[in-house]
Amino acid sequence: MHISEGVLSAGVIATSSIILAPLILNSVRKLHADDISKVALLSALFFVVSTIHLPIGVTSVHFMMLGIIGIMLGWHSFTALLIALLLQAMLIGFGGISSLSVNTLNTGIGALTGFYLFKLLKDRLPTAIVSFLVGFIPILVASVGIAVALLFSSDDFLIVAQTALLAHLPLAFVEGIMMVFLFKTLQKYQIKGLNI
Amino acid sequence: MKALIIVLFPIFIYAHSLSVTSSYENKELFIESFFGDGNPCKGCNFVVKKDEKELYKGSLDNEGVFEEEVILETPFDVHVDGGMGHWADVSIEGNEMDEESDITNNLNTTMNSIDETKIRQIIRSELNKQNSKIEIMIEKNKSNLEKMLMGLGYILGIFGLWQLILRKKEK
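Chains as they are written, first to last, in this note's numbering: chain A, 1 to 196; chain B, 1001 to 1171.
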């Protein structure tokens, strides 16, 4: 779920921009030419999958694939997501320019959670469980981010924040299952640079 | 890679961008909004704004349509909120045709001028509604694939250029 234009308070937008700016600068500074195609591929993946909506009751949420983005890009996830979210706001009216920093931060932190979760658990738990958690947890983290951003913007958004949180639970589950199959496929082909 | 192809494929089935068309004629405001898959934006809220000032707000019906008499000053913008981060805007320009018809009508002040003006307004109003419906049909038929490919093209362009610059620097 993207947060729309004009929903967030100036304070939330400013704070998220201040937090995001060094993360983007750091990623841009450290990005090597060899990594760019990987960042572009996953930016394109996010751009496309987030237009696929999962209807849940009266609302719908969209796929994000933050787990795989996080594992493959680590801290560069912020750059990939920023470009994808910017283009979505400009071309297809998802999210917005004013909420870009908040949306990037939420999804980026989700992806980063997937990255560290994978690092931490990959030798400790069976692959199926690790892959499920890597798909499941980042979505929950991103939805908590959305809820927090909405609550900090206005108390009126309490119900929207709760809905956002609850609506993402089935999505997190579906992405967890998808990640199990994705891991199996990636393991089978042993893609270079992806140590799954 | 196969998995990525499988993941990318459903965009053709369930892409979800929001589109809006609107017309304003004879104080009658017409708005229709729908998602990229053709589903109407049911009960979506909209705001009519002029220079960031809110003139009017309301919500669309179950068919994603709003059609009511509202007194508004053109030009203005219509902003539809589809929820969950989806929004769409459309601008309504000032109606130059009214001025034109006023001049013409002033010249023919003699017989039947009131009737003629009324007839013109009715015809124009109906034509505008039909135009909006045709625009909607065109927009619905325009595949989201076009916007999607445009986005992917931008991503390819941005990162391609970036890689080119970095490669040159590395040399």
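I should point out that these hints are in silico values taken from the structure, not numbers from a laboratory.
Predicted model only: the values in this text are computed from it and were never measured.
Honestly, I wouldn't trust all of these hints.
To be verified - Listed below are the simulated BS3-like cross-link pairs for lysine-lysine, each with C-alpha atoms no more than 27 Å apart in a straight line:
id, chain 1, residue 1, chain 2, residue 2
1, B, 1133, B, 1168
2, B, 1169, A, 38
3, A, 30, A, 188
4, B, 1133, B, 1042
5, B, 1118, B, 1133
6, A, 30, A, 122
7, A, 38, A, 119
8, A, 119, A, 188
9, A, 38, B, 1147
10, B, 1050, B, 1169
11, A, 30, B, 1057
12, B, 1042, B, 1053
13, B, 1050, B, 1171
14, B, 1050, A, 30
15, A, 122, A, 184
16, A, 38, B, 1171
17, A, 30, B, 1169
18, B, 1133, B, 1147
19, B, 1129, B, 1042
20, B, 1168, A, 38
21, B, 1147, B, 1042
Hint check results:
1. Only pairs whose Cα atoms come within 27 Å are accepted, and residue 1133(B) paired with residue 1168(B) is rejected, the gap being roughly 52 Å.
2. Pair hint residue 1169(B) plus residue 38(A) holds up; C-alpha atoms about 19 Å apart against a cutoff of 27 Å.
3. With a CA separation close to 30 Å, the supplied pair residue 30(A) and residue 188(A) exceeds the 27 Å bound.
4. Annotation: proposed proximity of residue 1133(B) to residue 1042(B) holds, straight-line Cα distance about 17 Å (limit 27 Å).
5. Pair hint residue 1118(B) plus residue 1133(B) holds up; C-alpha atoms about 23 Å apart against a cutoff of 27 Å.
6. For the hint pairing residue 30(A) with residue 122(A), the CA-to-CA distance comes to about 25 Å; that is within 27 Å, so the pair holds.
7. Using a Cα cut-off of 27 Å, the hinted pair residue 38(A) and residue 119(A) holds, with the two alpha carbons roughly 19 Å apart.
8. Our distance criterion of 27 Å between C-alpha atoms is met by residue 119(A) and residue 188(A), whose separation comes to about 20 Å.
9. Taking the CA atoms of residue 38(A) and residue 1147(B), the gap is near 22 Å; set against the 27 Å cutoff, the hint holds.
10. Restraint check for residue 1050(B) and residue 1169(B): the C-alpha separation of about 48 Å exceeds 27 Å, so the hint is violated.
11. Under the criterion of a C-alpha separation no larger than 27 Å, the hint pairing residue 30(A) with residue 1057(B) is inconsistent with the structure, at around 47 Å.
12. For the suggested pair residue 1042(B) and residue 1053(B), the alpha carbons sit about 25 Å apart, so the restraint of at most 27 Å is met.
13. Distance check on the hinted pair: residue 1050(B) and residue 1171(B) sit about 53 Å apart at the alpha-carbon level, beyond 27 Å; violated.
14. For the proposed pair residue 1050(B) and residue 30(A), the alpha carbon gap of about 45 Å is over 27 Å, so the pair is violated.
15. In summary, the hint linking residue 122(A) to residue 184(A) is supported, as the alpha carbons are separated by about 14 Å, within the 27 Å threshold.
16. As the CA atoms of residue 38(A) and residue 1171(B) are separated by approximately 21 Å, the hinted pair is consistent with the 27 Å bound.
17. Restraint check: the Cα-Cα separation between residue 30(A) and residue 1169(B) comes to about 14 Å, which is no more than 27 Å; the hinted pair holds.
18. Of the supplied pair hints, the one linking residue 1133(B) and residue 1147(B) holds, its CA atoms being roughly 21 Å apart against a limit of 27 Å.
19. A C-alpha spacing of about 20 Å is found between residue 1129(B) and residue 1042(B), which places the hinted pair at or below 27 Å, so the restraint holds.
20. Taken as a hint, the residue 1168(B) and residue 38(A) pair is honoured in the structure, with Cα atoms around 19 Å apart against an allowance of 27 Å.
21. Note on residue 1147(B) and residue 1042(B): the hinted pairing holds, with a Cα-Cα distance of about 23 Å set against a maximum of 27 Å.
Comparing the model with each earlier hint shows violations of hints 1, 3, 10, 11, 13 and 14; every other hint is respected.
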